[in-house]
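> The opening position of the sequence shown corresponds to residue 1 in the UniProt record's numbering, with each subsequent residue numbered one higher.
Note that these hints are calculated values from the structure, not bench results.
Please read these numbers as outputs of a predicted model, since none were measured by experiment.
From the three backbone atoms N, C-alpha and C, an ideal C-beta is built for every residue, glycine too.
Heads up, a few of these hints could be off.
With a straight-line cut-off of 25 Å between C-alpha atoms, the simulated PhoX-like cross-links for lysine-lysine are [what the hints assert, rightly or not]: (1) 125 with 140; (2) 41 with 68; (3) 68 with 40; (4) 38 with 68; (5) 34 with 68.
Derived DEER-like restraints, expressed as beta-carbon distance ranges [claimed, not checked]: (6) 68 with 106: 50 to 56 Å; (7) 88 with 51: 26 to 32 Å; (8) 73 with 35: 36 to 42 Å; (9) 107 with 150: 23 to 29 Å; (10) 136 with 35: 34 to 40 Å; (11) 38 with 110: 45 to 51 Å; (12) 51 with 146: 33 to 39 Å; (13) 110 with 135: 21 to 27 Å; (14) 151 with 123: 16 to 22 Å; (15) 29 with 93: 47 to 53 Å.
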Amino acid sequence: NHSSEEGVSPSDKQPNVIARARALVDYTPSPYDKDVLKFKKGDIIEVLSMNVSGLWRGRAHGRVGNFKFINVELLSESSLRPRPCRHRPQTLEQMLRTIHMEDHMSLFVLNGYEDLDAFCDIEEKDLDYLGIHDLQQRAKILAAVQVLNEYESPDECTSSADEGQNSQSGLVDGE
Numbered sequence: 001n002h003s004s005e006e007g008v009s010p011s012d013k014q015p016n017v018i019a020r021a022r023a024l025v026d027y028t029p030s031p032y033d034k035d036v037l038k039f040k041k042g043d044i045i046e047v048l049s050m051n052v053s054g055l056w057r058g059r060a061h062g063r064v065g066n067f068k069f070i071n072v073e074l075l076s077e078s079s080l081r082p083r084p085c086r087h088r089p090q091t092l093e094q095m096l097r098t099i100h101m102e103d104h105m106s107l108f109v110l111n112g113y114e115d116l117d118a119f120c121d122i123e124e125k126d127l128d129y130l131g132i133h134d135l136q137q138r139a140k141i142l143a144a145v146q147v148l149n150e151y152e153s154p155d156e157c158t159s160s161a162d163e164g165q166n167s168q169s170g171l172v173d174g175e
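All chains, please: the whole structure from these sequences, using the hints.
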């Protein structure tokens with residue numbers, strides 16, 4: 001019975017990360033507390049939700065659970081990257097060059113992935129459709145998509161992606 005109550009439900013597998021935080025203390029919950037997150041001082045926790053009660057939900061070491069906000073400090077994006085970070089690629093061509101797959105440019109463009117907004121929506125099934133079966137290439141593309149999506153916050157992409165947001169269903173709720 002307790003194997004089904006590990007604190008990780010199917011809906012927790014890929015929730016949106018809203019912030020990142022660094023643990024200020026070691027925290028080891030009681031073994032009976034299945035829904036509490038275990039972490040050590042210095043661990044980076046992906047914050048999935050913040051409750052006004054001070055009990056937040058996050059992910060660390062592949063596990064999802066609750067933790068008290070008082071035990072962490074929120075990180076700004078700049079503090080996550082101590083060395084100078086590169087700017088987000090501005091074009092699909094720059095992105096493909098970065099991952100050494102520029103020879104696939106025409107394949108993506110001919111199949112509707114002509115810009116980074118469209119490229120950011122690529123999933124495994126799309127790679128199957130495009131005929132990209134090499135595991136290393138698939139991993140590079142999916143990692144690039146994940147990194148691009150992490151760059152984007154609603155504030156950062158409103159100016160450059162306004163036209164794309166209106167044409168793609170699901171991006172603007174209720175419209």
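> Does the Cβ pair residue 73, residue 35 satisfy 36 to 42 Å?
Roughly 23 Å apart at Cβ, these two residues miss the hinted range, so it is violated.
> Between residue 38 and residue 68, does the CA-CA distance stay at or below 25 Å?
The given pair, whose Cα atoms are some 11 Å apart, holds under the 25 Å limit.
> Do the Cβ positions of residue 51 and residue 146 conform to the proposed distance bound of 33 to 39 Å?
violated (26 Å)
> Holds or violated: residue 41 and residue 68, Cα atoms, limit 25 Å.
holds (14 Å)
> Is it true that residue 107 and residue 150 lie within 23 to 29 Å of each other by Cβ?
holds (24 Å)
> Holds or violated: 16 to 22 Å for the Cβ distance of residue 151 and residue 123?
Check passed, 18 Å falls within 16 to 22 Å.
> Tell me if the beta carbons of residue 68 and residue 106 are separated by a distance inside 50 to 56 Å.
holds (52 Å)
> Do the alpha carbons of residue 34 and residue 68 lie within 25 Å of each other, as the hint requires?
With Cα atoms ~15 Å apart, residue 34 and residue 68 stay inside 25 Å; holds.
> Straight-line Cα separation of residue 125 and residue 140 no greater than 25 Å?
Measuring from Cα to Cα gives roughly 15 Å; hence the hint holds.
> Between residue 88 and residue 51, is the Cβ distance one that fits in 26 to 32 Å?
holds (31 Å)
> Just to be sure I understand the hint, the distance between the Cβ atoms of residue 136 and residue 35 should be within 34 to 40 Å; is that true here?
holds (37 Å)
> Check the following: the C-beta atoms of residue 110 and residue 135 are separated by a distance inside 21 to 27 Å.
holds (23 Å)
Hints 8, 12, counting from the list given before, are not met by this structure.
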